[in-house]
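Novice: Residue strings, one per chain:
Protein chains: 2
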Amino acid sequence: MNSAASLNGTDSPPCFEVVVDTVIFTLGDHDLKIGLVEHKPGSEQWRLPGCSIAAAEAPDATARRQMKSLLGTSEVYLQQLYTFGAPERIPERRVISVSYFALFAYERLHHHDNQEQTEGIDWHSVYDLPPLAFDHGDIVDYALTRLRYKIEYSAVAFELLPDEFTLRELQEAYMIILNDHKLDKANFRKKIREADILEPISRYRETGGRPAKLYRVRPDAQLEVKARRFFP
Amino acid sequence: MNSAASLNGTDSPPCFEVVVDTVIFTLGDHDLKIGLVEHKPGSEQWRLPGCSIAAAEAPDATARRQMKSLLGTSEVYLQQLYTFGAPERIPERRVISVSYFALFAYERLHHHDNQEQTEGIDWHSVYDLPPLAFDHGDIVDYALTRLRYKIEYSAVAFELLPDEFTLRELQEAYMIILNDHKLDKANFRKKIREADILEPISRYRETGGRPAKLYRVRPDAQLEVKARRFFP
DNA sequence: TCAAAAGTGTTCAGCTTACACCCATGA
DNA sequence: TCATGGGTGTAAGCTGAACACTTTTGA
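Chains E and W are the protein sequences, given in the same order.
Here our numbering is used: the first residue of the first sequence is 4, the next is one more, and so on.
Here our numbering is used: the first residue of the second sequence is 4, the next is one more, and so on.
A couple of the hints might just be wrong.
Pairs involving identical chains hold if they fit within one copy or between any two copies, as the list cannot separate such chains.
Said to hold, decoys possible - In silico DSBU-like pairs for lysine-lysine, Cα to Cα no more than 30 Å straight-line:
hint : residue 1 : residue 2
1    : LYS43     : LYS188
2    : LYS185    : LYS153
3    : LYS71     : LYS194
4    : LYS71     : LYS193
5    : LYS153    : LYS194
6    : LYS193    : LYS153
7    : LYS43     : LYS194
8    : LYS71     : LYS185
9    : LYS185    : LYS43
10   : LYS71     : LYS153
Read the hints as simulated data drawn from the structure, not as lab findings.
Since we're looking at a predicted model, the values are computed, not measured.
Please work from the sequences and hints to get the whole structure.
Specialist: Given below as structure tokens:
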């Protein structure tokens, strides 16, 4: 009954399978979507794409390898989220999951070289998800919360947009991710202008009315905004 | 060379030792300190207290068990931070570390029943740390960053204070943690008052001058402050 | 009566919010 | 010339920073 024994490392420690599960976000059809795979073929249940960590591999590398395999590129914004390890999270197995989120521009799904690689993945709106296996619903909830926090003090929203975009498209990205469609256009634009992270390019996007100027992220932009103090 | 094989789980996945490493913060002697253990007896190197996850144990439970063992109580604020798993992080071993931070009121170190339990731990100022083994310096840096973020949008600072405290003591806690000793007294108090999370008790603390009213956290207080928007 | 520390009110600059307005294009 | 969406300026109100002030105790 002496728990100090295991603290001292005198027992031989147990051994675990460790996987990386990734919530891949993308923006398309005016919606925020994540990539899911069918849990069992033909079943109505879905799960996050997951991948075992290899023996001599860092978790970050596992996540990148997974993106390369699923999306055809590992040039994806990736961030570790949380490690889920409740013993009962997967029935009759003991798997510890290191979760990540990935941000991926929708246009790249249809333009990269080996398009067939993405076939295993189905895209589902985060606002209308099917039943998810295991604790993957919790992982998605957590990923969405963290994504919303993240876009408020850094500029990761650009990772979900094409290289060139209009200010309206950027604003729409924020509104979709935050699920808040009441952002004021004038104030949004002023903030973006003051943040000094975009530069206009000399082309325009055709819209229903006046054409919209196209912008891109300044190559030297400082995307991490210094956090203001909430409290006190 | 087909990475899809391991994605599909057809290979038998490798197996890892997984430990919990905890950065235990406390406030004392007008300083922010963390608990360290000697890496090897008599060496000048230190490390974070760590503990292997047991076969049927959630990582959170491992962290609580560790606190019970080290501090004599598991009633400690605990939060998971990040999972460090680079293959070279520990020479000649393969250990994945799920890191946590813990917040613990200093007074409890000297008042709880089995005081001798804390003997393995030495307390070191985060502003003057000895050399740390492995990647534990990175873990501490990250924990400190996260603690500073956390106290700015939630009220976890109280976890580091005794049950009863003066407003000056609270302000000092913030100044020490943020390493910013220029907080304005009047503005700090106004913020705290408006946050409506404290209640005065009818006793006072003797100080050098006018006695200071003692406060405690309101039992029904909403300690997580809703995040304001940084960006846009 | 003085030092020390607790505790409060007031001003001003800067930011957020709300909203009104003009501009450029296609039908 | 009208509908549509792009794009901007400004006034009102709120927040935060700075600072001066009063209060209560012990020496």
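Novice: Taking the hints in turn, state whether each one holds.
Specialist: Hint check:
Taking the shortest alpha-carbon separations for LYS43 and LYS188, neither the intra-copy value of 45 Å nor the inter-copy value of 61 Å comes in at or below 30 Å. When the C-alpha separation of LYS185 and LYS153 is checked against a cutoff of 30 Å, the pair qualifies both within a copy, at 19 Å, and between copies, at 28 Å. For the identical chains of this complex, LYS71 and LYS194 are neighbours neither inside a copy (35 Å) nor across copies (48 Å), given an alpha-carbon limit of 30 Å. When the C-alpha separation of LYS71 and LYS193 is checked against a cutoff of 30 Å, the pair qualifies neither within a copy, at 37 Å, nor between copies, at 52 Å.
In this assembly of identical chains, LYS153 and LYS194 lie within 30 Å of each other by CA distance both inside one copy and across copies; the values are 17 Å within and 25 Å between. Proximity of LYS193 to LYS153 under the C-alpha cut-off of 30 Å is found in both arrangements, the shortest distances being 20 Å within a copy and 29 Å between copies. Taking the shortest alpha-carbon separations for LYS43 and LYS194, neither the intra-copy value of 46 Å nor the inter-copy value of 53 Å comes in at or below 30 Å. Taking the shortest Cα distances, LYS71 and LYS185 never come within 30 Å of each other, neither inside one copy (37 Å) nor across copies (48 Å).
In the homo-oligomer, the alpha carbons of LYS185 and LYS43 never lie at most 30 Å apart, since the shortest distance is 40 Å inside one protomer and 59 Å across protomers. For a Cα distance limit of 30 Å, the shortest separation of LYS71 from LYS153 inside one copy, 24 Å, qualifies, whereas the shortest one across copies, 34 Å, does not.
The structure does not agree with the numbered hints 1, 3, 4, 7, 8 and 9 stated previously, though it agrees with the rest.
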